[in-house]
Amino acid sequence: MSGLRYVYAICRPLGAPLQSQLTGVAGDPPRLLNHHGLIAVVSHVPERDFAEKPLREHLEDLDWLTATARAHQGVIDALTVVTTPLPLRLGTVFRDDSGLRTMMEEREDYFRRTLDRLEGRVEWGVKVYTEPEPETEPAASGDGRPGQKAASGRDYLRQRRQSVRAHEDKWQQAEQFASRLHERLSAYAEDSRLHAPQNPALSGVSGRNVLNAAYLVSRAHSEEFVELVDRTKGEVPGMRVELTGPWAAYSFATEFTGEGNR
Amino acid sequence: MTVIERREIALVDLLDRLLAGGVVITGDITLRIADVDLVRIDLNALISSVNEQVPSPWESS
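Keeping their order, the protein sequence lines are chains U and G. Here our numbering is used: the first residue of the first sequence is 1, the next is one more, and so on. Here our numbering is used: the first residue of the second sequence is 1, the next is one more, and so on.
With the rest of the complex left out, here is chain G (with noise of 0.2 Å):
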């Protein structure tokens, strides 16, 4: 399905669903890395990293 013209996707909209959507799945028999703390993957460390480099990595449209 095509209904708009697919531009490639900003980093940031895919970790809104890829670390915070999902199913998330904890048995014993998973690694348990899917577990909430993945959602509070250190951000700062992400920020400082992106401010380190100019320009943005995610401005790739």
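Only chain U is shown next, with the shape it has when bound in the complex (with noise of 0.2 Å):
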């Protein structure tokens, strides 16, 4: 079979073999191309489901888009335990070899200069949420009336009045504590990015996503890192602290300064 060419990621030659029995993208091993001392990790895909209209049907795919997420994290994730790979986004499709090797000839120099700058070092997500209040006194509900009675309208609007404060000095204590855990995260680590906070339909998880950031650590001070996050946990009450991680340093692969994207 030959069909198309599926990259992972692009690294310099391997200390060490890939784990031998790693499947990739549509169960095809991942395969080293060599190019003026560049590799590129790749795998052979079908056009059938890797040609552009399949690929952009395939991805509203829900099953489809976890299976194929999950095969390219293998990749990535057994990449870096070997070397530090510059991570491409998913669904990078060349249609053969020699389109690869033209790309990766083109992007020399970027390649080369991101790989140095990535060189050793990883990626930690760090995540804040709210938790969900425990006993939520209600408040004003759809139909305008508040959960305890009211014996005067005067009652009721100081009672809304009240609900409507507390959830706004909640609010501003997540915020509050967010930003200062970013600003003392970012001060540690070498580089960060914030993503969108996540939809929790998505997520699945309760509270509200309130910092979603992802900071570039050397492997060296990974440890120390690790700690800092840990000894926020538990620092405000109802503020959740959660970490993932070592991931490859997907986040910082391009350099916001628009060089990457010639």
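These aren't lab readings, by the way, just hints derived from the structure by calculation. All residues carry an ideal CB built from backbone N, CA and C; glycine is no exception. Among the clues, some could well be false.
FRET-style restraints, in silico, Cβ to Cβ [claimed, not checked]:
| id | chain 1 | residue 1 | chain 2 | residue 2 | range |
| --- | --- | --- | --- | --- | --- |
| 1 | G | E8 | U | S20 | 18 to 28 Å |
| 2 | U | R154 | G | E8 | 52 to 62 Å |
| 3 | G | E8 | U | A220 | 19 to 29 Å |
| 4 | G | E8 | U | Q172 | 32 to 42 Å |
| 5 | U | K233 | G | E8 | 15 to 25 Å |
| 6 | G | E8 | U | D109 | 32 to 42 Å |
| 7 | U | R160 | G | E8 | 41 to 51 Å |
| 8 | U | D96 | G | E8 | 31 to 41 Å |
| 9 | G | E8 | U | R31 | 24 to 34 Å |
| 10 | G | E8 | U | H58 | 16 to 26 Å |
| 11 | G | E8 | U | A201 | 11 to 21 Å |
| 12 | U | Q19 | G | E8 | 11 to 21 Å |
| 13 | U | E223 | G | E8 | 20 to 30 Å |
| 14 | G | E8 | U | G153 | 48 to 58 Å |
Mind assembling these two chains? They're in different frames, but the hints should get you there.
Put into structure tokens, the structure is as follows:
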């Protein structure tokens, strides 16, 4: 089968072989394509699934997307064990090896520079959630009546104001906590990126996501970084801090100087 | 490196990185899949398919 070329990452020649039983996207074990001392990590994928049109359609199919994202991540993970890969975005597909080589040649300088910048570094994800209130005093419900019976219109307004104020305080507190934490972690990390807060319908996680950030940290300093994050857990009641990683430096693969998008 | 024990990765964390991170290559040679459109995958479609499934498939840990 020839097929198309699905590219996971660019890296320098591997110091050790990739884990042998790795299956990549579309069940095809990742292969290494060497061009001028840079390695593209590639799977051969069928056109019926990875040509532009079917790929676009598949991307809206949750099961397909899940399987593909996990397979992609599996390869990046295995690479991270033996090198510092420069991950490409999900769904980067070339017609053939020669197209891929041309691209590698055109972007050689960029790849080398970025690989140097990321060498020996990993990404950590930190998210902050507000815990859902345990006993929510039922505020004014849809029909305008407060949960607690108000004796008069004035009582009603007062109760309502209190409930709104409590809500605002909680928000302010959450935002302050998140921005202080982000400042502290950014000062420690070499670089940071803010992702959009996660939609609870997608994450299935309780509480509202007020910080969704990524930090670039050297492997040597990662243990300290993790401790730093751990110490903030439980620091402020009602806030939940979650750490993920180490990730390959996905969020730092593009420079935001515009050079990455030549 | 295992600084912390690796848990099953939540898909939503993965998608933050795979769909919004990574190098974007949009040469003529590529099939131009990896352009910005990918970031804007119809999340509504995803969300509605999540809601149809109980329990949430993201919670795999």
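Now for the hints, and whether the structure bears them out:
1. For the pair E8/G and S20/U, the beta carbons lie near 23 Å from each other, so the given range of 18 to 28 Å is met.
2. For the pair R154/U and E8/G, the beta carbons lie near 53 Å from each other, so the given range of 52 to 62 Å is met.
3. Under the hint 19 to 29 Å, the C-beta atoms of E8/G and A220/U, about 27 Å apart, fit the expected range.
4. A beta carbon spacing of about 34 Å between E8/G and Q172/U agrees with the range 32 to 42 Å that was offered as a hint.
5. In this structure the hint that K233/U and E8/G lie 15 to 25 Å apart at CB holds, the actual value being about 20 Å.
6. For E8/G paired with D109/U, a C-beta distance near 38 Å keeps the hint of 32 to 42 Å intact.
7. Remark: the range hint 41 to 51 Å for R160/U to E8/G is upheld by a beta-carbon distance near 43 Å.
8. A beta carbon spacing of about 35 Å between D96/U and E8/G agrees with the range 31 to 41 Å that was offered as a hint.
9. At about 27 Å, the beta-carbon gap between E8/G and R31/U stays in the expected band of 24 to 34 Å.
10. For the pair E8/G and H58/U, the supplied restraint of 16 to 26 Å holds, since their beta-carbon distance comes to about 23 Å.
11. Under the hint 11 to 21 Å, the C-beta atoms of E8/G and A201/U, about 20 Å apart, fit the expected range.
12. At roughly 18 Å, the beta carbons of Q19/U and E8/G sit within the given window of 11 to 21 Å.
13. One distance hint, 20 to 30 Å for the beta-carbon pair E223/U and E8/G, holds here, with the actual separation near 22 Å.
14. At about 53 Å, the beta-carbon gap between E8/G and G153/U stays in the expected band of 48 to 58 Å.
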